[in-house]
Amino acid sequence: MNTLYTGLCGMWIMFFPLYASQSLGLSKTTLGLLYTASEVGILTGNLAGGVLADTLGRKKVLMASLSASALALASMLLPGRVPVYAGFPAYFLAVGLGSPAIHALALESSPRRIQGTLYMLAVRVAPSLPPLATLPLAGYLYEQGMYSLLLVIGVATLALQLLLATLLTETETVSVQAGEVSQPVHHVLRRVLRVGDKWLLLLVAAYGLDMLTSNGLEWYIPVYTWKRPGSRR
Numbered sequence: 111m112n113t114l115y116t117g118l119c120g121m122w123i124m125f126f127p128l129y130a131s132q133s134l135g136l137s138k139t140t141l142g143l144l145y146t147a148s149e150v151g152i153l154t155g156n157l158a159g160g161v162l163a164d165t166l167g168r169k170k171v172l173m174a175s176l177s178a179s180a181l182a183l184a185s186m187l188l189p190g191r192v193p194v195y196a197g198f199p200a201y202f203l204a205v206g207l208g209s210p211a212i213h214a215l216a217l218e219s220s221p222r223r224i225q226g227t228l229y230m231l232a233v234r235v236a237p238s239l240p241p242l243a244t245l246p247l248a249g250y251l252y253e254q255g256m257y258s259l260l261l262v263i264g265v266a267t268l269a270l271q272l273l274l275a276t277l278l279t280e281t282e283t284v285s286v287q288a289g290e291v292s293q294p295v296h297h298v299l300r301r302v303l304r305v306g307d308k309w310l311l312l313l314v315a316a317y318g319l320d321m322l323t324s325n326g327l328e329w330y331i332p333v334y335t336w337k338r339p340g341s342r343r
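Residue numbering for the sequence shown follows our numbering, starting at 111 and increasing by one per position.
Hints in this document: simulated from the structure, not taken from any laboratory.
Taking CB as the label site, the calculated pair distances span:
hint, residue 1, residue 2, range
1, V150, L187, 19 to 25 angstroms
2, L134, A266, 20 to 26 angstroms
3, A158, Q132, 31 to 37 angstroms
4, G190, L228, 43 to 49 angstroms
5, L181, G226, 33 to 39 angstroms
6, R222, A158, 26 to 32 angstroms
7, A147, R223, 38 to 44 angstroms
8, T227, L187, 36 to 42 angstroms
9, A147, R234, 22 to 28 angstroms
C-beta: ideal position from N, C-alpha, C; glycine also.
All chains should be modelled from the sequences, with the hints used to inform the complete structure.
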């Protein structure tokens with residue numbers, strides 16, 4: 111499922127900055143604010159998604175995330191800027207909501223003795239390969255003025271992922287009847303902050319900073335490097 115996402119949904123994401131700046135006429139400041147909102151959406155979605163995955167079950171949260179992502183992306187097919195202003199951050203909020211569930215499913219459904227290997231293959235290695243073929247195709251379609259088709263492909267991919275998600279087997283569901291009552295989010299966060307090994311917190315902070323800086327730059331690069339008519343670059 112991750113491979114489908116990076117290979118096909120990644121097509122519209124890569125060329126969104128160009129579409130937003132060239133076709134919608136959004137300024138770089140507005141684009142930066144949109145990407146800031148999307149990062150906040152991912153963070154919020156991850157926090158909520160982790161708690162919901164532990165309380166409602168991984169599969170339910172994943173299916174809700176895919177449904178919401180498809181609706182948010184489909185709304186961006188509507189004309190004008192407003193659907194983009196609303197749909198873009200909503201899409202990443204929905205994606206963030208399902209991220210803990212899909213990672214937990216990938217890890218928990220693997221045999222324990224090779225969990226690390228299979229997790230890395232399923233979540234990191236395999237999803238990095240399809241863009242080698244799909245991104246050049248996306249570039250061609252964008253140059254032909256067919257960005258809407260990239261959005262349609264993204265919606266269709268999410269619908270296919272939702273169909274595949276119905277076939278997944280739930281790996282863990284918290285049962286209140288069994289005496290497992292979920293704790294409020296602030297209790298969970300308080301426990302994490304009291305962890306004895308401060309290196310864990312440092313690692314989380316470093317990872318978050320890396321994501322912030324890389325995602326903060328990736329949208330600007332295609333806008334900056336795209337060769338405009340009459341440009342000497």
